[in-house]
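On the provided structure of chain D, position chain L as indicated by the hints.
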Amino acid sequence: MILLLVLFFAIDLAWGSIFIPLNEVVTTFLGNGTDEINTEILLNFRLPKAITAVLAGASLSVAGLMMQILFRNPLADPYVLGVSSGASLGVALVVMSSGVLLGSAGSWITILAAVAGASVVMLLVVGVSFKVQQAVSLLILGIMFGTIVSSLVGVLQYFSNPDAIKMFIMWNLGSLSAVTWQHLQILTPVILAGLLTVFLIQKRLDGLLLGENYAKALGISIIQTRIIIVLTTSVLAGAITAFTGPIGFVGIAIPHIARGIFKTSSHRILIPTSILMGAILILICDVISQIPTYTLPINTISSLFGAPIIIWVILRKK
Amino acid sequence: MPILSTYNLAIGYGKAKTKSIVQQGLNLQLFKGEMVCLLGPNGCGKSTLMRTLAGIQKAHEGKITIDGKSIAEYTQKEIALKIALVLTDRVEVENATVWDIVALGQHPYTRWIGGMTEKGKAKIKDAIRLVNLEHFTSRLFGSLSDGEKQRVMIAKALAQDTPLIFLDEPTAHLDLPNRVEIMMLLHKLAHETGKAIIISTHELDMALQAADRIWLMKSRGGVVSGVPEDLVLNGTFNEVFKSDAYYFNATNGNFSMNYTLSKKISVSSQDKTKLYWTFRALARAGFSVENKAKDHIEITEKGWMYNDKLYESIESLLGELDG
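Quick mapping for you: the protein sequence lines, in order, are chains D and L. Quick note on the numbering used here: the first sequence kicks off at -7 and runs consecutively. Quick note on the numbering used here: the second sequence kicks off at 47 and runs consecutively.
Okay, chain D solo, but in the shape it has when bound (with noise of 0.2 Å):
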């Protein structure tokens, strides 16, 4: 798995609307690249693309089985909380109300826009994870929450000029390739940093299949444990949000092909295969969305790949 990761990391940097064969791919990481141009296309943006992917591909991947785990529900992703829509307001927020076209995604401004309207849905969801009994409330609570988020980017949407809705409508669709260098400087450590807490933690969800109440008798701390998940979670789906904008499926299937292929409950196998499957996918994910002469938003291709993946895992369990 890690040789496919190795090489769809090798074509995503290949591909694209122009071709660079993958032995110039090679010759230009040692160091000999010939063409100028191939060059810089390569390092500062495939690079720093493909890399984006990985991490986004990782990130979804493992905060969407951690939701499926906390909620015990098959449907849950890594956007139940609600992180992605606060990260919408954000953006919705500086996008429209400021009638200033502020740059496109990627500026810092977006960015932080983003970082500060997923940091508050994400401070309330955790606020309220310390008062409520049962993990199904927190997930009533998150969807609530988004869904008030969600409206509130419906009346800025209403009163905004039709130049600022497509700006919002192109950063909803998710990009990778507006993260730069110094985005990655910041985006890349936050991301191990998540995944870190999460093999930290994966005894803990292991006691967790059973039920909180199983877990409690365990001797696992339920709101210790909740409060983790939902921190982590928020920080890791928050942060890829904040860069690359929404990215959908990748959370809710990919645990699913995980357990379908490795036919385990362990998270011990289960949290590093979903990094790795996840990565692969939005790799894969955005060599398709290289169309000749077009990008298309990889938020639709995820979806697009995704969704018949899901349907074959279970189809073929029967």
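These are calculated hints, taken from the structure and not from any lab test. Wrong hints could be hidden among the right ones.
Unchecked claim - Only pairs whose alpha carbons sit at most 20 Å apart, straight line, appear in this in silico PhoX-like list of lysine-lysine:
| # | chain 1 | residue 1 | chain 2 | residue 2 |
| --- | --- | --- | --- | --- |
| 1 | L | Lys234 | L | Lys171 |
| 2 | L | Lys115 | L | Lys78 |
| 3 | L | Lys65 | D | Lys123 |
| 4 | D | Lys123 | L | Lys104 |
| 5 | L | Lys310 | L | Lys355 |
| 6 | L | Lys264 | L | Lys288 |
What the hints assert, rightly or not - One-sided excerpt, in silico: chain L residues whose CB lies under 7 Å from chain D:
| # | residue |
| --- | --- |
| 7 | Leu133 |
| 8 | Asn141 |
| 9 | His153 |
| 10 | Pro223 |
| 11 | Val226 |
Claimed, not checked - If we take Cβ atoms under 7 Å as the criterion, some of the chain L residues that face chain D in the derived model are:
| # | residue |
| --- | --- |
| 12 | Ile102 |
| 13 | Val137 |
| 14 | Val139 |
| 15 | Ala142 |
| 16 | Pro154 |
| 17 | Glu227 |
C-beta atoms are modelled at their ideal positions from N, C-alpha and C, and glycine is treated no differently.
Quick look at chain L alone, frame taken from chain D:
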């Protein structure tokens, strides 16, 4: 010395402001190697008591000690080393084998990576053997019947290797053979492994046969603790389960229904079994059996003689009596 004791314990639910006390003044003791059945009418606080004893819920008053130390001083992890639970919660885990589920019982002993020592593996194997599921070890949990699943959950509790096991209605939803099997199994475990086991249940007759001790809980009236037979003979059972519709029949340890008996009949027979079942049928049909009654049924080897006519089955006899 009892392994678990309660002192003037009050249980209930709700927080400080809205609390409602369900039971109070409970002074109970649980000993090693003893199987206790907790009985009582619905809503009297059986589950609340179980949860409170297990430290999942806080006591409103009084204290609970395990090995002489108050459970308020135990951390959640330390309690997990003392008490294992089997709950009524439905467990559905995709792709998990019987081994995987039972292995979760070892959770309090493993380090963060969850690696299993040889000793831990032996404990799991042992637990699976004790519930007679050796052949199911690598079967998927989801493919098992309800009775087998319940045995897996009991094995998980055994793998947790605790001196105490609490089971909340472990035989609910099971058919009779499975119910008997689980009760026998738990009884055997208590005696062979020296664990103290508390079972809350509605299976009165089963509890009477299998329990070493019964905690009989009255609605808001505290808990009477005693050997089952004593509680039957001193009338505690009848007092707790008082109703107009039925009565606790101390002769056979069952509940009998109180039918309105408006008609009278007399019956004679040599065959005690036939006599017993005829009585039951007649009671259901509203007849009280009295020696001096005018109408008479004679039970013979061939059937039931009534008004000089022979009836070959109780059904045909009842048909005649009703008509």
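Cross-check of the supplied hints:
1. Lys234(L) x Lys171(L): Holds, because 18 Å separates the two Cα atoms, which is no more than 20 Å.
2. Lys115(L) x Lys78(L): 16 Å, holds
3. Lys65(L) x Lys123(D): 17 Å, holds
4. Lys123(D) x Lys104(L): 17 Å, holds
5. Lys310(L) x Lys355(L): The hint holds at about 19 Å.
6. Lys264(L) x Lys288(L): Satisfied, since the Cα-Cα distance of roughly 10 Å is no more than 20 Å.
7. Leu133: Constraint on Leu133(L) satisfied, holds at 5 Å.
8. Asn141: Check passed: Cβ of Asn141(L) comes within 5 Å of chain D, closer than 7 Å.
9. His153: Result: holds, 4 Å to nearest chain D Cβ.
10. Pro223: 26 Å, violated
11. Val226: This hint is violated: Val226(L) lies away from chain D, its Cβ roughly 26 Å from the closest one there, beyond 7 Å.
12. Ile102: 6 Å, holds
13. Val137: For Val137(L), the interface hint holds, since the closest Cβ of chain D sits about 5 Å away, which is under 7 Å.
14. Val139: 5 Å, holds
15. Ala142: Holds - the Cβ of Ala142(L) comes within 7 Å of chain D, reaching about 4 Å at its closest.
16. Pro154: With Cβ-Cβ at 5 Å, under 7 Å, it holds.
17. Glu227: Nearest chain D Cβ about 23 Å off; hint violated.
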